[in-house]
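Please arrange chain B on chain A, whose structure you already have, making use of the hints.
These protein sequences, in sequence, are chains A and B.
Each residue of the first sequence is one higher than the last, beginning at 1 in the working numbering.
Each residue of the second sequence is one higher than the last, beginning at 1 in the working numbering.
Just so you know, not all the hints are guaranteed correct.
Said to hold, decoys possible - The list that follows gives simulated cross-link-like pairs (lysine to any residue, SDA-like), each with its CA atoms no further than 20 Å apart:
hint, chain 1, residue 1, chain 2, residue 2
1, A, K107, A, D32
2, A, K207, B, G3
3, A, K329, A, D158
4, A, K381, A, G198
5, A, K28, A, G40
6, A, K42, B, N32
7, A, K528, B, N32
8, A, K42, B, W31
9, A, K528, B, G3
Said to hold, decoys possible - Stretch-level coverage of chain A by chain B, calculated; a stretch enters the list once three of its residues show a Cβ under 8 Å from a Cβ in chain B:
hint, region
10, 83 to 91
11, 256 to 270
12, 324 to 330
13, 417 to 430
Unchecked claim - Covered by chain A, per the in silico footprint, the following chain B stretches (three or more residues, Cβ under 8 Å):
hint, region
14, 3 to 11
15, 15 to 26
It should be emphasised that the hints constitute simulated quantities derived from the structure, not laboratory data.
Owing to the predicted nature of the structure, the values given are computational and were not obtained by experimental measurement.
Ideal Cβ placement from N, Cα and C applies to all residues, glycine included.
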Amino acid sequence: MGVSTPLLGISVLAYMMVVFYFGWLGYKQTKDNDDYMLAGRKVNPFVLAFSYGAAFISTSAIIGFGGYAGAFGLGILWLVAMNIIVGIFIAFVIFGSRTRRMGANLKAVTFPELIGKRFQSRFIQGFSGALITVFMPLYAGSVLIGGARFMETALNIDYNIAILILAIIVAAYVITGGLIAVMYTDALQGVLMFVGMGILLVLTYSKLGGVTEAHQALTNMAYLVPDNLAAVGHTGWTTMPAFGSPTWWTLVSTIILGVGIGVLAQPQLAVRFMTVESTRSLKRAVLSGGPFIFMMAGVAYIVGALSNVYFFNTQGMISLEVAGGNIDKIMPEYINSAMPDYFVIFFLLTLLAAAMSTLSSQFHAMGTAFGHDLYREGIMKGKIGKTINVTRAGIATTIMISVVLAYILPPGIIARATAIFFGLCAAAFLPMYSGAIFWKRMTRQGATASLLVGTFASLFWLTFIHAKEATALGISQALFGVDTILTGTWTLVDPILVATPLAFLVAIVVSLMTEPASKEHIEQCFKKN
Amino acid sequence: MLGITDPQIWVAYVLCFVSAIGCVIYGILHWND
Chain A
1 MGVSTPLLGI
11 SVLAYMMVVF
21 YFGWLGYKQT
31 KDNDDYMLAG
41 RKVNPFVLAF
51 SYGAAFISTS
61 AIIGFGGYAG
71 AFGLGILWLV
81 AMNIIVGIFI
91 AFVIFGSRTR
101 RMGANLKAVT
111 FPELIGKRFQ
121 SRFIQGFSGA
131 LITVFMPLYA
141 GSVLIGGARF
151 METALNIDYN
161 IAILILAIIV
171 AAYVITGGLI
181 AVMYTDALQG
191 VLMFVGMGIL
201 LVLTYSKLGG
211 VTEAHQALTN
221 MAYLVPDNLA
231 AVGHTGWTTM
241 PAFGSPTWWT
251 LVSTIILGVG
261 IGVLAQPQLA
271 VRFMTVESTR
281 SLKRAVLSGG
291 PFIFMMAGVA
301 YIVGALSNVY
311 FFNTQGMISL
321 EVAGGNIDKI
331 MPEYINSAMP
341 DYFVIFFLLT
351 LLAAAMSTLS
361 SQFHAMGTAF
371 GHDLYREGIM
381 KGKIGKTINV
391 TRAGIATTIM
401 ISVVLAYILP
411 PGIIARATAI
421 FFGLCAAAFL
431 PMYSGAIFWK
441 RMTRQGATAS
451 LLVGTFASLF
461 WLTFIHAKEA
471 TALGISQALF
481 GVDTILTGTW
491 TLVDPILVAT
501 PLAFLVAIVV
511 SLMTEPASKE
521 HIEQCFKKN
Chain B
1 MLGITDPQIW
11 VAYVLCFVSA
21 IGCVIYGILH
31 WND
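Isolated chain A (complex conformation) (with noise of 0.2 Å):
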């Protein structure tokens, strides 16, 4: 690290310093259940833009993605285009907006909750919440990996003692502010962001000659690709991988396609739709949520690809080489090799507001969904109150679990969590979510059998047959002494692309066949407001 570590730590103070206000200020105005949940139902389109986006992209998407695009090229941006089409634009004006009236007509405060109160079950919300409960700590725990490794390169601190400080940092402000406290250091933690990579992009291309140069010398070392990486299907950093190769199903099926729809049903994401006051505020969103995820995924894996020019135009070789073959090194080993002392600092404060905004989210969604949806709802059968206190006991279990699964999963296993997660809630949560908010026909018979066809295909095909899962897993190696039940092509094809359509068809089949809601309650769910 190049930076003097007395600067760092003074910046990383002062940035903190600026957090606990905000924190504070979120605490100041909770002042009932509505406001701890929803941060009170009008939040600014702005701050809602921000605080989506930045709970959205995390270190990992910066530090992980971008490093895959340094070892992998630009193949990547087609998850970036899906991001802005899919992840802001149809998930704020088409899902946003049924979403946030649904959520209004039926009290619902929660994800889970809305599911739950549509569909007249508490069964759904029960499950909804404990599958919550159950794997986001695994998400939450590979985010809480990242930002920890990064204050024990940046600022000298031991690597268990910085798990345990930034746990402890971000549930401060989560548990006492409520989601007021979550979106607005959020979206300072956004705006910080922002210009963060807004500059990164400047100085890289200015630094490559322009933004041609730069692509066409990129273009140019296509030679350079390892022989084991090529054999895999790589064909160069500014082409796409060899069609049907491993790497192009990684590529097409989990990064794409998994992150690009699994963002649609994240409940932590979904939940911020009720937090506004109407449609025309999710609208005014649309406009800086769009440049926002630019800025964030578009520029980190632009640079990430980049760097293999920078690299072999200073030192002769490739990124993967100089990071040693880890790609979760590239970024950092860019970013400290060729940017200026000043930025680096900058940097490594974008990557702790990454880290950070990302974590308070899911510390709020996973609390909320174990006090409130699984606990009172699911177990008590909503007979105790409506206090905001049995939703941060929640808040703090879920934490005590991350933090736990932080210390004790091995690193192979945490890096695949976010794409675990991202999978798992599309095939459990995207076809009941979607037929909650826009097919009336749709039963709570056809949303039980959906959320656990779901639920069970997706752990099915990671257990068994998703070879990087099911390897790792290991238990289909000790039940029936081969790494996956399936051989070829099968075992590259994420679990996205069969458990969603399965859950899909399971969910219209199974709610023409059975008896409708009734009348009245169709009309509560959806009348305008």
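Same frame as chain A, now just chain B:
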């Protein structure tokens, strides 16, 4: 185009810019709905 020969990549590159700008235009056009 733009130093990128594979149309699958430069279409993605341009689409990122166009969709981000499209979001801005949509937001402005519907600001006073």
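How the hints compare with the structure:
1. Simply put, K107 (chain A) and D32 (chain A) have alpha-carbon atoms about 14 Å apart, close enough for the 20 Å limit, and the pair holds.
2. For the hint linking K207 (chain A) to G3 (chain B), the alpha-carbon distance of about 16 Å falls within 20 Å, and the restraint holds.
3. Straight-line distance between C-alpha atoms of K329 (chain A) and D158 (chain A) comes to about 19 Å, which keeps the hinted pair within the 20 Å bound.
4. The suggested pairing of K381 (chain A) with G198 (chain A) is violated, with an alpha-carbon distance near 49 Å, which exceeds 20 Å.
5. For the given pair, K28 (chain A) sits about 13 Å from G40 (chain A) by alpha-carbon distance, which is consistent with the 20 Å threshold.
6. With a CA separation close to 17 Å, the supplied pair K42 (chain A) and N32 (chain B) stays within the 20 Å bound.
7. Restraint check for K528 (chain A) and N32 (chain B): satisfied, since their Cα atoms lie roughly 19 Å apart, inside the 20 Å limit.
8. Between K42 (chain A) and W31 (chain B) the alpha-carbon distance is near 17 Å, which keeps this suggested pair within the 20 Å criterion.
9. With a CA separation close to 50 Å, the supplied pair K528 (chain A) and G3 (chain B) exceeds the 20 Å bound.
10. For the region 83 to 91 of chain A, the stated coverage by chain B holds: 4 residues have a C-beta nearer than 8 Å to a C-beta of that chain, and at least 3 were required.
11. Judged by the Cβ-Cβ criterion of 8 Å, the region 256 to 270 of chain A is not covered by chain B as claimed, because only 0 of its residues qualify and three are needed.
12. Judged by the Cβ-Cβ criterion of 8 Å, the region 324 to 330 of chain A is not covered by chain B as claimed, because only 0 of its residues qualify and three are needed.
13. Only when three residues or more bring their CB closer than 8 Å to a CB of chain B does the claim for the region 417 to 430 of chain A stand; here the count is 0, and the claim is violated.
14. Against chain A, the region 3 to 11 of chain B contributes 6 residues with a C-beta closer than 8 Å to a partner C-beta. That satisfies the three-residue criterion, and the hint holds.
15. Note: the region 15 to 26 of chain B has 10 residues with beta-carbon separation from chain A under 8 Å; the three-residue rule is met and the coverage holds.
Figure legend: structure checked against the earlier numbered hints; hints not met, in rising order: 4, 9, 11, 12 and 13.
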